[in-house]
Amino acid sequence: AQTVTQSQPEMSVQEAETVTLSCTYDTSESDYYLFWYKQPPSRQMILVIRQEAYKQQNATENRFSVNFQKAAKSFSLKISDSQLGDAAMYFCAYRSALNAGNNRKLIWGLGTSLAVNP
Amino acid sequence: ETGVTQSPTHLIKTRGQQVTLRCSSQSGHNTVSWYQQALGQGPQFIFQYYREEENGRGNFPPRFSGLQFPNYSSELNVNALELDDSALYLCASSDRGGPYEQYFGPGTRLTVT
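Taken in sequence, the protein lines are chains U and P. At position 19 of the first sequence (counting the first as 1) the number is 19 in our numbering, and the numbers step up by one without a gap. At position 101 of the second sequence (counting the first as 1) the number is 101 in our numbering, and the numbers step up by one without a gap.
There could be a bad hint or two in this list.
[As the list claims (entries may be wrong)] Have a look at the derived ranges for each label pair, beta carbon to beta carbon:
hint : chain 1 : residue 1 : chain 2 : residue 2 : range
1    : P       : His10     : U       : Ile46     : 16 to 26 Å
2    : P       : Thr14     : U       : Asn62     : 39 to 49 Å
3    : P       : Gln18     : U       : Ser80     : 42 to 52 Å
4    : U       : Glu61     : P       : Thr14     : 28 to 38 Å
5    : P       : Arg63     : U       : Gln2      : 25 to 35 Å
6    : P       : Gln41     : U       : Arg63     : 40 to 50 Å
7    : U       : Asn58     : P       : Gly3      : 23 to 33 Å
8    : U       : Ser28     : P       : Asn59     : 15 to 25 Å
9    : P       : Gly3      : U       : Glu61     : 16 to 26 Å
10   : U       : Ala72     : P       : Pro8      : 35 to 45 Å
11   : P       : Asn71     : U       : Glu15     : 38 to 48 Å
12   : P       : Glu82     : U       : Ala71     : 34 to 44 Å
[As the list claims (entries may be wrong)] So the derived list for chain U, only partly shown, Cβ under 10 Å to chain P, looks like this:
hint : residue
13   : Gln6
14   : Val13
15   : Ser22
16   : Tyr25
17   : Tyr37
18   : Ser42
19   : Ile46
20   : Arg104
21   : Lys105
By construction, these hints were calculated from the structure, which means they are not laboratory data. Predicted model only: the values in this text are computed from it and were never measured. Note that beta-carbon positions come from the ideal geometry of N, C-alpha and C, so glycine has one too.
Model the full structure from these sequences, guided by the hints.
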């Protein structure tokens, strides 16, 4: 079974600085998708960025980028020029590329709480 | 484009009671997934519905059941509520035939006393 591990329960960053959140996963599959979601105090889970395992190029979305290391099964999120609105829980999630039954589910880490200090 | 909506926002029930949570999927999406998120935890997959049929289920007992309607909206029903059912229930919609991202609603906070 696949697992997702986020080893940093809490992180903090100064406004305008850069922070990296870590995520590792375990799978025997070769094709899958990885996601970072943000959950602010409003509770709504917001998709931040996604990565397809078959793509070697790291995904980038404005101030958010990932460092995807497939062999190491590592998927870290870098937030540049941090803003106060970035403060939230950040979850790393895995989804199999197989489209049968439970394979379509997202498997989640425990999350990292990010504080942004002014 | 209408996003995912859920109702109610908050709910308080007594142990042993039954509850129904509702979700309207994002426009154009035909698949709905339900997740349970306990306090301080990541979400756990309950089940997924596609074309009104259950299409995958996580490790939840049969007292967790669901429905999907022709307009792709969905309900999550929980019978014989237990204290451990207290959690945030998240609904996510996606397009099975298109991009694989799941888009989430704001959740329903269920408290069982």
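Do the hints match the structure? See the list:
1. Range check, P:His10 to U:Ile46: about 20 Å between beta-carbon atoms, so the 16 to 26 Å window is met.
2. Separation of P:Thr14 from U:Asn62 is about 46 Å and conforms to the stated range, judged on CB atoms against 39 to 49 Å.
3. The hint said 42 to 52 Å for the Cβ distance between P:Gln18 and U:Ser80, and at roughly 48 Å that hint holds.
4. Checking the proposed 28 to 38 Å range against U:Glu61 and P:Thr14 shows it is violated: the Cβ atoms sit about 44 Å from each other.
5. A C-beta distance of roughly 26 Å is found between P:Arg63 and U:Gln2, which places it inside the suggested range of 25 to 35 Å.
6. A beta carbon spacing of about 27 Å between P:Gln41 and U:Arg63 contradicts the range 40 to 50 Å that was offered as a hint.
7. Checked against the hint of 23 to 33 Å, the C-beta distance between U:Asn58 and P:Gly3 comes to roughly 28 Å, which is consistent with it.
8. With their beta carbons about 20 Å apart, U:Ser28 and P:Asn59 fall inside the hinted range of 15 to 25 Å.
9. At roughly 19 Å, the beta carbons of P:Gly3 and U:Glu61 sit within the given window of 16 to 26 Å.
10. Between U:Ala72 and P:Pro8 the CB atoms are about 44 Å apart, so this pair conforms to the stated range of 35 to 45 Å.
11. Taken as a hint, the range 38 to 48 Å holds for the pair P:Asn71 and U:Glu15, whose Cβ atoms sit roughly 44 Å apart.
12. Evaluation of the 34 to 44 Å hint for P:Glu82 and U:Ala71 yields a pass: the beta carbon distance comes to about 43 Å.
13. Taking 10 Å as the C-beta cut-off, the interface hint given for U:Gln6 holds, the closest approach to chain P being about 8 Å.
14. Because the closest C-beta pair between U:Val13 and chain P is about 21 Å apart, greater than 10 Å, the hint is violated.
15. With 10 Å as the threshold, the beta carbon of U:Ser22 stays out of range of chain P, its nearest partner Cβ sitting at about 15 Å, so the hint is violated.
16. Hint status for U:Tyr25: violated, given a least beta-carbon distance of 12 Å to chain P, over 10 Å.
17. With a cut of 10 Å, the hint placing U:Tyr37 at the interface with chain P holds, because the nearest CB-to-CB distance is about 8 Å.
18. Interface hint at U:Ser42: satisfied, since its Cβ lies 7 Å from the closest Cβ of chain P, which is below the 10 Å cut-off.
19. Because the closest C-beta pair between U:Ile46 and chain P is about 7 Å apart, less than 10 Å, the hint holds.
20. For U:Arg104, the suggested interface contact is upheld, since its CB lies about 6 Å from the closest CB of chain P, less than 10 Å.
21. Interface hint status for U:Lys105: upheld, as the beta-carbon distance to the closest one in chain P is roughly 4 Å, under 10 Å.
Violated hints for the displayed structure, listed by number in ascending order: 4, 6, 14, 15, 16.
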